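**Q** Each chain, written out:
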Amino acid sequence: MSKRRMFLRMITASLLRRRSRMLIALLSIGIGATILAGLVTVYVDVPRQMAAQFRSYGANMLLVPSGSALTREEADAAMALIPDEERVGAAPYRYVYLNMVRRQQSFAAAGTDFEQVKRTSPYFKVTGRYPEGPREVLVGKGVADTVGARLNGVMELTWFPPSEPQEDREEDFDILPGMTLTGRAQGYGSREGFNDNPVYVTFTIGEDGMIASLSVDTSSETAGVGTRCSEEDFTALFIGKDPKDLVLGRDVDAVSGATVTSEAVVRAIMDAKPVTEESAVLVPRTINYTVVGILETGGEEEGYIYMSLADMGAITGESDRLDLVELSVSATQDNLERYAEEITSSGHATARLVKRVTKSETAVLGKLQALVFLVTLVVLVLTMVSVSTTMMAVVTERRREIGLRKALGASDGAIRGEFLGEGLFLGALGGLLGAALGFVFAQVVSVNVFGSDIRFNFWLLPITVIVSMAVAALSCLLPVRRAVAVDPALVLKGE
Amino acid sequence: MELVACGLDRRFRRNTGDGNFFEAVHRVDLTLRGGEMTVLTGRSGSGKTTLMTMLAGLLPPSDGTVTLDGKDIYSLPDTELSRLRARRFAVIPQGNAALSSMTVMENILFPAALAGLDPPVRQAGTLMERLGILRLKEVWPGELSGGELRRMSVARALAAGTDFVFADEPTADLDDENTILTLEILKEAARTGKAVFVVTHEREAADYADVLLRMDAGKLITI
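Just so you know, the protein sequences line up as chains A and B, in that order.
Residues in the first sequence are numbered consecutively from 1, following our numbering.
Residues in the second sequence are numbered consecutively from 1, following our numbering.
Worth flagging that the hints you see were computed from the coordinates, not collected in a lab.
Small disclaimer: the values here were computed from a predicted structure and weren't measured.
Be aware that a few hints might be false.
[What the hints assert, rightly or not] Going by beta-carbon spacing under 7 Å, a handful of chain B positions derived as facing chain A: (1) L58; (2) S101; (3) P111; (4) L114.
[What the hints assert, rightly or not] A few chain B residues that don't get close to chain A, going by computed Cβ distances all over 10 Å: (5) R27; (6) D69; (7) A97; (8) L99.
Just so it is clear, CB atoms sit at the ideal spot from N, CA and C, and this is done for glycine as well.
With the rest of the complex left out, here is chain A (with noise of 0.2 Å):
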C-alpha cells in the first residue's frame, strides 16, 4: 500500500465509516452549493429573461419623421440597421382624426399592422379578435363605452381632408362650361368651434357657364338645422345662379334658423377651385365598419379605433405616409443607444428609446444583483459555521485516534492534511451535486417566475465547485487546528 494511495485510503474510509457526520457536512455543502449555483444561474439568466419580459410590456424603440413625413420606405431603411434577430417586432403606425357624423364626435383612428402590434404591444388584451379582412375595425374600450360600441355592430366613420392643402392653389382659372368645382368654407360647427370641418360644396357648370348642379355636405353642422343646407329645396335655388356672383337674399335666401351655414354654401361656391386629380380625393368619404374587437389595455389606447394601413389609406387616400413605428428590440442598452444612433444620424427617420422601460430594466438587474450577492454570501456564511460545527464534532469524536495517529509516526502536516483532504472532497461533492440540484432549482425559479425555461452555463460547474471546495476548506481551518493540537500522549494514558 503507497503512501499515497494509504492517504486517498484514510479520508475515503473514515468519511464512509462516518456516515452521518459527513452525510450532514455534505448536505450543508450542497445545500449551500445549490443556492450558490441556483441563484446565479437564474441571475445570469435573468437580464435575458427580463429582457423579453420587459419586451412584453410594449416597444423600447419609436421611430418618427425626422422631416415632414415618414414613409414606409424610409422606415423599412431605419429598420434595416438593426440586425434581424434583435427586431422582435415592428408596429408601423398613422394616425388621422376619424368622425361619427351623427354623434358630432370626433376619435383618433390608427392604421397598423396587427401581426407586428401582436409583437410590440402583446399586452393588449381584445375582446372579440384582431382585424383580419377589410373594413373591419379594433375599437378601444374608452371609444366603444363612449359611443355604445358592440361586437360585429356597425361603426360609420367618415374622414375630412385637412384644410390646409387647397389655401396653397391660389391660381386663375376660366369658369367653362361641363367644368366640376368644389369648394369649401366654415360653418357653423367649425364657427363656434365644435369641430375643424367645414361645409364642402360640388357643383358643375352648364352650357350658359351658370351652376348646373349643386351637391352640399353638411355633415359637420348641427343636424336637423345647419344640415337642411344640403337638401335640395335650398341646393336647387342656386341652379342657373352664376357662381362667381352670388349673394345671399338677393339670389337665393337662407334656410331659416340656419344662416351661418348659408352663408358658408354661398362662400363656398364664389371660392370654389375646378375638380383635378389631386383635389379630387380632398372630399369627405364616409366607409362603415364592422367591429371585430374591442381592446382594453388600462391605458390611452382605449381611446384609439384600430384598423389595417391599407383601411386607413382607403378612407385616407394616402397609403404610403407613417406617423409613428413601434420596435420591439431584443438588445442590451448599449446596443439600443447604438442602433438609436445609426438611425437618426441616417436621416431616413429619427430614433427614441423609450426610457422608462429600458432604465427601470436597469435599475430592477442591479438591486437583483445585491439581492443575489446577499443571499448567497448570508447561504455561505451558514454553510460555513454548519460544516465547521460537523468538522468540530468530528474531531471531537476521533480525538483518541488522532493521538493515536500521531503516536505511530503521523506529523501535524499529515494530519492537517487528512482534515482539509476530507473537507475538499465534501465540498467538491457537494459542489457538484449543488451544481446539479441548483440548476433544478434555477429551472424551476425560472419556470414559477418568468414562465420559461433556464440556460445551463457549463462554467457555473467549476464555479460552483471550487466555491464549494474554499467553504469546506475555510470552515476547517477551525477543527484542523483543534486535531493538531491532539495530544498524542493521551493515547498511552488509556484514555
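Could you slot chain B onto chain A? The hints should help.
**A** Below, chain B without anything else, positioned relative to chain A:
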C-alpha cells in the same frame, strides 16, 4: 544505537490543595540499547506509563533530555520528531488502539505508510499468523475482542521494523498462552537487535528481561 534519558522529570498540574504539582517522574536516568529487552514493573500510578511516553517521543519532559544519536529528540521540529516516531519508534499503547476506519491489515501496515516505506506485507502476515489473527486481516477493528485488538497492536508495532519498541501492558487482555507467546515475540525482536521497552504487571515478564527495572513513586530502582 542508544536512547539515553537523562534527569527526566515530569510534573503535572493538579489541584490537590497542598502542592500545585504532582511529580509523576522524578530524576530518571536510563539508557535503552539495541538487542536488549528492558522490563519496567511497579505499582499503578508509579509513573511507568509517563516515563515510557517521554521515552517514546510523545510527551516532552518538564526537565531532562531524551537523546538519540546525540540529539535531544524534543529539540527537533514536529516534522522530524514525527518522522522519528514513524521510522524508529513503535508503540503498543494501553487499551483499544485501533484506527476504526481501517481493517486489521491496514492498521498493521499504516505505520510503514506513514514512514513512507513499502508495506511490510510479508512480515505482517508472519506476525499475524504467529499471533493467531491472520484470518481477521480484512475485519474491522470494531468487530474484534480485547485480546485480538491487543495482538493486532503487537503485530503493528513489530511489523514496521523500527529500532525501538515501546509496549505498555502488551499482555493485559491476553490469556496465559498468548501472554507467553507475546513476550516471546518481543524477546525475539530484541534478539534481532531492537531495543524493546516493556511496561508490565506480568510476573512472567521478568523472566524475559535483559534489564529489569521497577518504579516507585516516580523514582526508578534497578533490580
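**Q** Hints first: check each against the structure and report whether it holds.
**A** Okay, the hints, checked on the actual structure:
1. L58: Nearest chain A Cβ about 5 Å off; hint holds.
2. S101: holds, 4 Å
3. P111: Holds, about 5 Å.
4. L114: Hint on L114 of chain B: holds, closest Cβ of chain A at ~4 Å, below 7 Å.
5. R27: Label holds. Min Cβ-Cβ 20 Å, cutoff 10 Å.
6. D69: Non-interface label on D69 of chain B holds, nearest chain A Cβ at 17 Å vs cutoff 10 Å.
7. A97: violated, 6 Å
8. L99: violated, 6 Å
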